[in-house]
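For the protein sequence lines, the chains are A and B, in the order given. The numbering of the first sequence is full-length UniProt numbering, which starts it at 1 and goes up by one. The numbering of the second sequence is full-length UniProt numbering, which starts it at 1 and goes up by one.
There may be inaccurate statements among the hints.
Remember, identical chains collapse to one label, so a pair may be satisfied in a single copy or spanning two.
Straight-line C-alpha distance at most 20 Å; calculated SDA-like pairs for lysine to any residue [unchecked claim]:
| id | residue 1 | residue 2 |
| --- | --- | --- |
| 1 | Lys260 | Ser415 |
| 2 | Lys381 | Phe328 |
| 3 | Lys196 | Ala183 |
| 4 | Lys449 | Ala20 |
Don't read these hints as lab results, they were simulated from the structure.
Number of protein chains: 2
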Amino acid sequence: MQKIGIIDLGSNTTRLIVMAYERGRCFRLIDEVSEAVRLAEGVGASRELKPEPIRRAVHALSMFDRLCRSTGVDEVVAVGTSAIREAVNQADFWTALRAATSLDLRIISAQEEAYYGFLGAANALGLRDGFTFDTGGGSTQVVAVENGRSTESFSVQAGVLRFTERYVNSDPISKRDLRELRAAAQQAFGALEWLKGKAGQRLVGMGGTVRTLARVDIKARNYPLDRVHAYTLTRAAVAAISEQLAQKTRREREQISGLKSDRADVTLAGAVIIEALMDHGSFSELMVSGQGLREGLFYAHFLAPSDPPLLEDPRGFSVRNLARLSHFQEAHCRKVAEISLSLFDQLSSVHGYGAWERDLLAQAALIHDIGVAVGYYDHHKHGEYLVHNSSLLGFSHRESIMLSALVRNHRKGFSDAAPYAAVLQPDDSTRIARLSALLRIAEYLERGKSQVVTGLRVELGNPMRIMVTATGDAQLEVWDASRRAGLFRKAYACDLEILLAPQA
Amino acid sequence: MQKIGIIDLGSNTTRLIVMAYERGRCFRLIDEVSEAVRLAEGVGASRELKPEPIRRAVHALSMFDRLCRSTGVDEVVAVGTSAIREAVNQADFWTALRAATSLDLRIISAQEEAYYGFLGAANALGLRDGFTFDTGGGSTQVVAVENGRSTESFSVQAGVLRFTERYVNSDPISKRDLRELRAAAQQAFGALEWLKGKAGQRLVGMGGTVRTLARVDIKARNYPLDRVHAYTLTRAAVAAISEQLAQKTRREREQISGLKSDRADVTLAGAVIIEALMDHGSFSELMVSGQGLREGLFYAHFLAPSDPPLLEDPRGFSVRNLARLSHFQEAHCRKVAEISLSLFDQLSSVHGYGAWERDLLAQAALIHDIGVAVGYYDHHKHGEYLVHNSSLLGFSHRESIMLSALVRNHRKGFSDAAPYAAVLQPDDSTRIARLSALLRIAEYLERGKSQVVTGLRVELGNPMRIMVTATGDAQLEVWDASRRAGLFRKAYACDLEILLAPQA
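Put together the whole structure using the sequences plus the hints.
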């Protein structure tokens, strides 16, 4: 595998991620460091970077550079965004940087910044149409997406550090300051005609502020899944948080569950900016992307020369990625998928499910055994843990919980993911049972992992009958699948017989 | 890796385990099947195996054989124990077996059965002195262990299926039956002079009954760790369960939490047998081994030609085993261990800990990063999960929880494993904090994973100072270790400075 380091020097934070990858095939994050250097601190209207923030930023960058060199990173891509882009004294920064390190940092344009953010979010969430935004310390990038291409993009001078320094001069914020902050945020988006009145379209948000808002909302709602990526944040939730922040002193804000102390000062401005953006576009909700600029830079490299560098099928890609990195037994898993889908199709008049459920079942079949890497006993539960904690792309929270549940149920016992009921639909418990039952029968019809079963024919009725065709001796498979038919009987409320079809 | 299948045909259950291994180096369980065939059902005083149980057993064995063949197992070791050993009509069994499969099953003597059980338990728990027993369907094997060798062994005709069929003729059991059952159990161990009055010595129990009793006790006590291996079961707990079982009908017993329905009939007899054994030896507690006969057969093969085939250091072996199977970065982990132990030693007057804590710290250092295989973000938490769910050998529950906690804390945040407080000692929270703090400093002094730090000298005092010697540029390491010193400051209640020692 090759290793690439991606460094992003923002106005508030600088971060390094290191990806190990085989180009176009698979990748995984293997290192990450971040430091809140606040390069734009004290910049104000003069647009002059101050010496101490420069020193902090350069020190962090030189540490990142050292880390890349000592861990054998093959290539480093380092970019700087608005703070440095707009500075009148860039030269001071370059002088300090070159004195400390030979790191090759590139200042990217607001356009590029917006584009790479869009790439990160679109790959992570499977976004093909809608809008993305990335609220950083110095600016907010907004992109309109149509058919997987960014058709409009704009950088708005509304950043959380910039606005905090300009408008949040009292603790708690005074009414007057708050009014000015809100007015400035509204004004910032005013010119974006192409963003106006987009109710019903998808809006995806990136950046530390949006992740912080999601974390606070997750805690406040007792939402059962502690995961900001793909979390849906409503306009009402953002408004409630900004109101709460406006009323509290900084010290009181630090007590808010989900709000890290280094975000306690800047998040109010961030919430107000995001509210203004949502108002302008008439969006009632947004989806959080845990991936953004840095990952976008990575995808551009990883998927080159595709244009746009978007994964064709992010879900399928990341499930295969996970399967490969877990050293899955490919022939076995593909056969389990094949049998599962054959059962699914032949039972379609019974369950009435469609392409969405079929795809989930196929994905679950590919990774059903990955828990074996943890330990054989309870490997179905380990698999659930692994799927639950893998950064799969393109799955909603509901889909991700269902996928974990299918893996959990492929072998024995049963869980309908009840702790996550708030993420699911009321009939998902039945859906999980019915899909799991098919996966389990398929798994045991491939018990010997030798792809002996070549086909099957379902005879509907009660008892239901599965007639199995095999290339060789499939007694083991029929025996073990029959032993494991309990879940099927329950889920489909009928008896089940599994029989070897007479040889042709 | 090679693959070996181990099959054990008992009086109650027949099981197959498949191990993948490199001889003497590492292994992992990769498959397992069991079936409660109850071969000894209805045998009674006639000692004649009945046709239906023979049919069930042979069918299961032929399925196991097929599974081994279709999954590419290189070698199969299959053994039969008391049911078949004592049968007057062995020939009927052989005829049926040979008609169905070419599996080569070997009847082992009671001595061998006891010996392999001892091997399994001694390797799994690091037992060098004490006693082991294995209560099965037809008999109970007892072994005296001295200095890692079995010095006495005996097979007692007290088995759960045998005793249930003979004495449990009423539901709930009548007073008279219970009296006879107890008397028979006591009598069974009466002749074992070498087992008498061994209060204070270690007693290790194996088999489905002892695991069932542990599971019931775990549920009844709300013990926070749902793990029977290395669980301590007191004489009082066994007595309480046997009393409870004696008062209930079979249907009522099935409601007992932790008692599987296929164990609801035979566990009373099992509990009475184990009580009698504990009484005879004056043992106030026993430790459950999750490994026994099958694993013992495996170790004999895996460790050959060692005599006895015992791992010299089961804990160290299994931690290295886990590290290797997780593709750990060996040089990095060894350096983290080295730095951790150097800090531990130089701070010994401050923490006052000894060899036990030192060993835990060293083990945790070797596997601190294994969670990266799940995902980089939160890999410390994934590592905790992996350690918690790995079948590590020779660790008590307390040690295992502490080891997981150290891995959990190597990077950021802090957990003192509070949910497992009932498994820990009152001062373990402090112990975990102090050891974790050392591991974390060591991890960041090896941030670049390039073994740049070659030595360190601790200057005690407040602030405490760590003077770092390095072969090259260790600024990254000193910077990141300094950023992560918060836990150290808290755990040792003093300030900490980490400095590069002036070059010699």
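Hints, one by one, checked against the model:
no. : hint            : in the structure
1   : Lys260 - Ser415 : between (34 Å within a copy, 18 Å between copies)
2   : Lys381 - Phe328 : within (16 Å within a copy, 23 Å between copies)
3   : Lys196 - Ala183 : within (17 Å within a copy, 88 Å between copies)
4   : Lys449 - Ala20  : between (31 Å within a copy, 15 Å between copies)
Of the numbered hints listed earlier, not one is contradicted by the structure.
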